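**Student:** Let the hints inform the model, and build the full structure from the sequences given.
Chains as they are written, first to last, in the numbering used here: chain A, 1 to 253; chain B, 1 to 205.
Because the hints were derived from the structure by calculation, they are not lab data.
It cannot be assumed that every hint is accurate.
As the list claims (entries may be wrong) - Below are the EDC-like pairs computed for lysine to aspartate or glutamate, each with C-alpha atoms no more than 16 Å apart in a straight line:
no.	chain 1	residue 1	chain 2	residue 2
1	B	Lys-193	B	Glu-138
2	A	Lys-134	A	Asp-154
3	B	Lys-110	B	Glu-93
4	A	Lys-217	A	Glu-234
5	B	Lys-99	B	Glu-60
6	A	Lys-119	A	Asp-88
7	A	Lys-38	B	Glu-138
8	B	Lys-204	B	Glu-22
9	B	Lys-193	A	Glu-73
10	A	Lys-119	B	Glu-23
11	B	Lys-193	B	Glu-142
12	B	Lys-193	A	Glu-44
13	A	Lys-119	B	Glu-93
14	B	Lys-155	B	Glu-60
15	B	Lys-110	B	Glu-96
Predicted, not measured: the structure shown is a model, and the values here were computed from it.
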Amino acid sequence: MSLKIRVMPTLLYKDLGLVKGKGFNSWRRTGSIMQAIKVYNMREVDELIFVDVTATGQEREPDFECVDEIADECFMPLTVGGGIRSVDDVRRLLMVGADKIAINSAAVENPQIITDIAKRFGAQCVVVSIDYRKHDDGRYEVFTHSGKHATGLDPVEWAKKAASCNAGEILLTSIERDGTMTGYDVELTKAVSEAVNVPVIASGGAGEYEHMAAVIKDGKADAVAAAAMYHFTERTPLEAKRYLREQGFNVRF
Amino acid sequence: MSNVVIVDYGMCNLDSIARAVEECGGNPTVTDQPRELSNATQIILPGVGAFPDGMRNIRERGLESALNDEVIGNKIPFLGICLGMQLMANSGEEVEPTKGLGWINGDVVKLKAKGDDTRIPHIGWNVLEKTWDVPILEGIEEDRDFYFVHSYHIKVNNEDQIAAYTPYAGKFVSSVCHDHIFGTQFHPEKSQKVGFQVLKNFLKY
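**Tutor:** Right, here's the structure in full:
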């Protein structure tokens, strides 16, 4: 039996508040973190992703105190990303209540860190987050530092490498679709899902429930993340799951 | 008043379980001191991480004999969660073969994919198939989902000690039970209402 599709909201955190941008830019404030966590808790969402979008750019370590406060109210699985540079950062995040961590820039610079974290805490808690852009010529490229640094890496190859280093999951985010609500990049999600045998979370571009169905069915995603859709429209994770169930997908209620 | 001792053996994720115990009406104490175990009304062994590190930490802190004294000797109700459940086995094969606590007659082995669409680690929500109405799973309907995040599972030799299976990678043992000793591969502290029901069942056992 295949696993249930996970529908997960992404909360982006920047300078003490929740934000949502477009193409990793033009951030808008979307409200208090604790309020959002409580609402998602009450609605029993499948999982939460919480990313501190400016930590790496500002060369800051993760805000452990903030994650501690969030995790105390979060009785659902919590993945935390942003600013993670070392195995010790991971230890401290898990200690204050994160269930999984998402690592991006530091993993590109030194893939060995994936192996080191997995060896210490198990592969299941290492999510490798891959931000990518599709260039005009159709070529895909991985970017780090919140979309600012080009790496020359191909996302499919990098996902394979990350999985071989013992990543437990891949979080795939399309930078140019981020915040546009025009749909996920189904093509690239499919290419990555077929290249690795760890779970793949599709992210970037969700605006309609139909987008989720498409990236699950045609993109073979195991989970669908969304942010703008929940912040700026009437759509909710619960309604998303109802829609997916009607379409014949296996979801949790 | 209850004194639910949550054993800190350096394998993290103590906050979530302590908060969940509080929410379920229990009074948690997080400690790495062996002597504190003697004041426990219940003991919880949580854990995320690799089997050998877990056992080494337990031994280095002198917790193995304290656990044996209280759980086996004084029959204090015990709940192992995820790695905490796996450590009750005779042995684990993760990273390097390691001897476990030996309370459950079984061994911890890697999940093996069955068919192309089985992805390992097993991450997400899945159901339990109860083998009998074990106390900690009382009142839990079979279609309820629990949160799993793991790559290894316990293979139990003694069928009486199996409390539930979960249908994934074939099927694996997702809960064990031996008298007052319980274990869950899933995370009750992260499984929302239905998870809290499991913790409440344990706290009143």
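**Student:** Against each hint, give a clear statement of whether it holds in the structure.
**Tutor:** These are the hints, each one checked on the structure:
Only pairs whose Cα atoms come within 16 Å are accepted, and Lys-193/B paired with Glu-138/B is accepted, the gap being roughly 14 Å. Taking the CA atoms of Lys-134/A and Asp-154/A, the gap is near 10 Å; set against the 16 Å cutoff, the hint holds. Restraint check: the Cα-Cα separation between Lys-110/B and Glu-93/B comes to about 8 Å, which is no more than 16 Å; the hinted pair holds. About 24 Å separates the Cα atoms of Lys-217/A and Glu-234/A, which puts this hinted pair outside 16 Å; it is violated.
Of the supplied pair hints, the one linking Lys-99/B and Glu-60/B holds, its CA atoms being roughly 14 Å apart against a limit of 16 Å. A hinted pair counts as satisfied when its Cα atoms are at most 16 Å apart, and Lys-119/A with Asp-88/A qualifies at roughly 13 Å. With a C-alpha separation of about 28 Å, the suggested pair Lys-38/A and Glu-138/B falls outside the 16 Å cut-off, and the hint is violated. Proximity of Lys-204/B to Glu-22/B is assessed by CA-CA distance (about 14 Å); at most 16 Å being required, the pair is judged to hold.
The suggested pairing of Lys-193/B with Glu-73/A holds, with an alpha-carbon distance near 14 Å, which does not exceed 16 Å. Note on Lys-119/A and Glu-23/B: the hinted pairing is violated, with a Cα-Cα distance of about 32 Å set against a maximum of 16 Å. A threshold of 16 Å between alpha carbons decides the hint, and for Lys-193/B with Glu-142/B the separation of about 15 Å falls inside it, so the pair holds. For the given pair, Lys-193/B sits about 8 Å from Glu-44/A by alpha-carbon distance, which is consistent with the 16 Å threshold.
A hinted pair counts as satisfied when its Cα atoms are at most 16 Å apart, and Lys-119/A with Glu-93/B qualifies at roughly 13 Å. Proximity of Lys-155/B to Glu-60/B is assessed by CA-CA distance (about 26 Å); at most 16 Å being required, the pair is judged violated. Under the criterion of a C-alpha separation no larger than 16 Å, the hint pairing Lys-110/B with Glu-96/B is consistent with the structure, at around 12 Å.
Going through the hint list in order, the structure does not satisfy hints 4, 7, 10, 14.
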